[in-house]
Amino acid sequence: MSNEVDQSWLLESATFSRPIIREIQRAAREGIYDIRGFGAKRKLPTFDDLLLLGASMSRYPLEGYREKCDTRVTLGTRFAENPLVIETPITIAGMSFGALSAQAKEGLARGATEVGTSTTTGDGGMTPEEREHSRLLVYQYLPSRYGMNPDDLRKADAIEIVVGQGAKPGGGGMLLGQKISDRVAEMRDLPKGIDQRSACRHPDWTGPDDLEIKVQELREITDWKVPVYIKVGATRTFFDVQLAVKAGADVVVVDGMQGGTAATQDVFIEHVGIPTLPAVRIAVDALKDLGMHRKVQLIVSGGIRSGADVAKALALGADAVSIGTAALIAMGDNSPEFEKRYNELGTSAGFYDDYQDGQDPTGISTQNPELGKRLDPDIAGRRVANYLRVMTLELQTLARAAGKTNVRNLEREDLIALTVESSAMARVPLAGTDWIPGFEHKL
Amino acid sequence: MKFDLAGQGIRHLNRYLHEPESQGAEVEVDNPSGSHNIAVGALHNCQVLVNGHVGYYCAAMNQHAEITVRGNAGPGLAENMMSGTVRIMGNASQYCGATAHGGLLIIEGNASSRCGISLKGLDIVVAGSIGHMSAFMAQTGRLVVCGDAAESMGDSIYEARIYVRGKVASLGTDCIEKPMGDEHIQELRKLLERAGLDYAAGAFKRYGSARRLYNFDVDNASLY
Chain E
0 MSNEVDQSWL LESATFSRPI IREIQRAARE GIYDIRGFGA KRKLPTFDDL LLLGASMSRY
60 PLEGYREKCD TRVTLGTRFA ENPLVIETPI TIAGMSFGAL SAQAKEGLAR GATEVGTSTT
120 TGDGGMTPEE REHSRLLVYQ YLPSRYGMNP DDLRKADAIE IVVGQGAKPG GGGMLLGQKI
180 SDRVAEMRDL PKGIDQRSAC RHPDWTGPDD LEIKVQELRE ITDWKVPVYI KVGATRTFFD
240 VQLAVKAGAD VVVVDGMQGG TAATQDVFIE HVGIPTLPAV RIAVDALKDL GMHRKVQLIV
300 SGGIRSGADV AKALALGADA VSIGTAALIA MGDNSPEFEK RYNELGTSAG FYDDYQDGQD
360 PTGISTQNPE LGKRLDPDIA GRRVANYLRV MTLELQTLAR AAGKTNVRNL EREDLIALTV
420 ESSAMARVPL AGTDWIPGFE HKL
Chain G
0 MKFDLAGQGI RHLNRYLHEP ESQGAEVEVD NPSGSHNIAV GALHNCQVLV NGHVGYYCAA
60 MNQHAEITVR GNAGPGLAEN MMSGTVRIMG NASQYCGATA HGGLLIIEGN ASSRCGISLK
120 GLDIVVAGSI GHMSAFMAQT GRLVVCGDAA ESMGDSIYEA RIYVRGKVAS LGTDCIEKPM
180 GDEHIQELRK LLERAGLDYA AGAFKRYGSA RRLYNFDVDN ASLY
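So the protein lines, in turn, are chains E and G. Take 0 as the starting number for the first sequence in numbering that gives the first Met the number 0 and just add one per residue. Take 0 as the starting number for the second sequence in numbering that gives the first Met the number 0 and just add one per residue.
Next up, chain G with everything else stripped away, as it sits in the complex (with noise of 0.2 Å):
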């Protein structure tokens, strides 16, 4: 199945998505240009492929389908995503991921600031670097950074976990590094190898909450 969206818009795109008879389809876009909202909602198991840039909110809310970019993607790439697998073979841009519940995200490129921001779930991988404030409030799921981080990772973070290779610029409020157990390093290969990337796990670092922040105390207010 074959979508031009320079003749056609996004609208025919993402209703054949919600639709039953994309259940299992082939689906290639062409002439993305930087659109937003390409391939919104996809509700089926499928593949996408996305022949050059994408705006906001690509593959946002995706449940169960394959959704691979040729090109970078505008802010809110995969947001709220429930399931299935979005790679993009150039950058992001910010809020990457934002608040999703499920799946796998791959950035073979850099990613922007906030990354992963309110993160419920999803496992994010990126091959370059992320962006200041990423993982913010970040809850669930995993982010796993081959390049380096910029400043304030992990701000208020709550059970999320961060995995990085490179130098990590500073720590957000209450994100601290924790040692690398064994539980973290097969499920640290694992999702390199489901993402393609070929690093060792020990070469990174981990960090996730101190949990200093997680009910409220007042001889903790200088911290914000």
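The shape of chain E in the complex, shown without the other chains (with noise of 0.2 Å):
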């Protein structure tokens, strides 16, 4: 045809390009930044940048199905009458219902009670379908408040301070109107319909000292019988830690950047905090900085995906990761069976990251019950059961592999890098040779 244009002339700007052009243009029409779900969506430095060293002559391997090798992790064990015992260094990270719909909330906490590890509340307070269906449920505290009662506080098998969430630290939430249902609207004391703000920091504390109080007032509500929690965004992650340890945390939780949310501006998504692979690492120096190495437990997230990851993050030194957009995954999110849907509200099977406006059609992130109907809590705890399954068998084998009979004897020493940028944070040598980038190390 002779208007067709050749396009291997074509040069885009690297600078604007059409998804660039696209978001000035979308800015110029609708004149509101762009509020969506999901994490980070940009390439950063991962896991995946690390490799296991497997045994050989030097170290010998456990054999892969027979031998032992333990996955059962304590968390709690610094102040707690009950420290939780969970079965699997894998849990899954605190979603709100609100966010998700009962039937989401009651397929995680399925999942999580079938493999023996422990599913989190999240803003807006804890649902009895939630409590019932989870064996070892951790109770968020956050600076909302919503839903947040005494009752339920002695209810939780673990209490989590949230200060801050590697998808936006430093940052609140908003649930918008067209997500506040009758039930989510009475469990945070507002009116049906309106955008429900959730602060960005605790009404009654303000710096390290106040929250050690606040950490002595929570234990003594729950006349110190269960572990708490103090959970932050992944930024200055050596001092966070630090005075997390020094406000009296049994356990510390640093939530990379990676990590997902049900409504943050883009910008904050995409340019706040730091990636979890080198919150980890600085995570354990603070920890080993102050002899606290575990004895205050380590929870990592944002972004794991795999056993892999789980066993890289392990070796680095945390006792147990965390999940959550994976699990929704594993539910059913963004999966090809919808494609018709979700070319319907303009997006495509893999892309979506719309959780804010409630349309979502598998039934995961969304108030109106129609959609949540499509979401079987039975099937879809099969699947987040199945999901952890697989990731601890894959830890399993990693670690047998590495002759380790219990996954958290993974140690440093077991990983090296790929890349220059992943040496440096994550403190290991970069492959083939004996060099760490900005730090003096001997092998």
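It is worth saying that the hints were derived from the structure and are not from the lab. Misleading hints may appear alongside valid ones.
[Stated by the list, open to error] 30 Å max Cα-Cα, derived DSSO-like pairs, lysine-lysine: (1) G:Lys189 with G:Lys166; (2) G:Lys189 with E:Lys191; (3) G:Lys177 with E:Lys191; (4) E:Lys245 with E:Lys287; (5) E:Lys191 with G:Lys204; (6) E:Lys224 with G:Lys1; (7) G:Lys166 with G:Lys177; (8) E:Lys224 with E:Lys287.
Computed from a predicted structure; not experimentally measured.
Reconstruct the complex from the two isolated chains, following the hints.
The structure is reproduced here in structure tokens:
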């Protein structure tokens, strides 16, 4: 055809690429920044940039299917009368009822319980379904205190004080009015249909000295029975972890910038925080510096997808990991099965991130009762359990290959880095060298 | 039942207040000496009298108990209180009644900044004045101020109602003065009566949300 353009002559600007042009024009048209769910989509250094060193002559492996490789972890051994014992070092991260449907929350609870791990509430409080189906339930104590009450606090198996999250450290949340059903409104003491702002900082303490008193308050109210976690978004991780320990945490949770969210400004998701890879190493260094590594347990989260990610996080010194987005994907989020419905929303399976608008065709990130019915909590729970089992088996496979009888025996010495960046961030040698950029190290 | 915090610390007291045996009890607490977390998480209908000043989070998450402090209270007094009555005979520091869901909190002196922040149903009556940013993001419940209110009162308020007898230095974003109807006079009278204060309800002004910020609108961005 005469007016067909020869694409081979077109040079796209790296600075003003087509997605950037589209976003500028969308902003000019709508006058509001982009709010979306999911996590960071930009390319970041990840655990894929590290490799594990299997055993050979200098180490010998465990038989892959027969020799025992323990995955059990105890969390909250510092002060709590009843620490949490989880059968796999993979927990389900906090996600709110409101952001997620009741069916999704129940599915997560069922899946976690089936494999002997914990799940976590979120902004908006604890639902009876979630408590009923969770053997181990961590109760988040958030700045908004939506749905927060001492009766539920006492029903929890652990308390997680949320200072920040990886997707938006320093930022709060916004549950948009279209997701505020009667039930969500009632739980949060606000009228139906209005935007619900979740504050970015707690209303009754401002710094680490206050937080120490707050931790004591929660322990007193729960008679020192359950562990108290402190969760921070990964930013100034060394100092934050040390201050959390000083404030009295039993467990510190560090959420890297790949961590997901139900609704945050895109500019926040993509431009604030540090990736999970350096965060876990820095957190471990902070604990070791205090002589508290393994005494205060460390959970890391943010973009964990596979048993390999878990193995590498543990090798860097974490005690456990948390998954959020991956668990939603396990339940069916972004599944090609819903491609037609995604197309109707102007997107496609694999790209859907509009958790904030309540129209999720999978029934996961919605409060629309008709959409919610599409998710069977029993099936969703089974999928989450299967996924957790696969990750655990992968983790064991890798740990056995490195000769470990316990997955927490994986160590930094078992890792090498594929890139200069990941070597510097994880402080493990660049493959084929004994060099760690910015760090004096001798093999 | 008597507790001497100089010798026992707070743990015995708090554990006792969580046990069914505290139902109907009269509890006296000596030598609080500004200790933090006194009488937190009380679960039963009982009377607690604290003889002296208290630190952070006194009476936090209270359910059913009637707690009186003969002194001043530190930050976070009665935070997330659910029910019962808390009375402070002196002044209260910042964030008193934060996020509290129910019951009655009476401050006989003044309350500092952020009084009633994120209020979720509690009624607060302050005989004196309140500090800046009080009732910030207050959702439901009522705040009665018999003295003056400092800057930015009721910023980003939702459905909570504020009654002030004295001067208001300034109103926060989306907080406006509203007319006093008969129903407001009636509810204010009852609150003052429950607090034991003898002020004429007609001398108060009512404040609440203009409801312009309930759903995000880019044209309101300059208000923040």
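Results for each hint:
no.: 1; hint: G:Lys189 with G:Lys166; verdict: holds (22 Å)
no.: 2; hint: G:Lys189 with E:Lys191; verdict: holds (29 Å)
no.: 3; hint: G:Lys177 with E:Lys191; verdict: holds (22 Å)
no.: 4; hint: E:Lys245 with E:Lys287; verdict: holds (14 Å)
no.: 5; hint: E:Lys191 with G:Lys204; verdict: holds (28 Å)
no.: 6; hint: E:Lys224 with G:Lys1; verdict: holds (25 Å)
no.: 7; hint: G:Lys166 with G:Lys177; verdict: holds (15 Å)
no.: 8; hint: E:Lys224 with E:Lys287; verdict: holds (26 Å)
Of the numbered hints stated above, none is contradicted by the structure.
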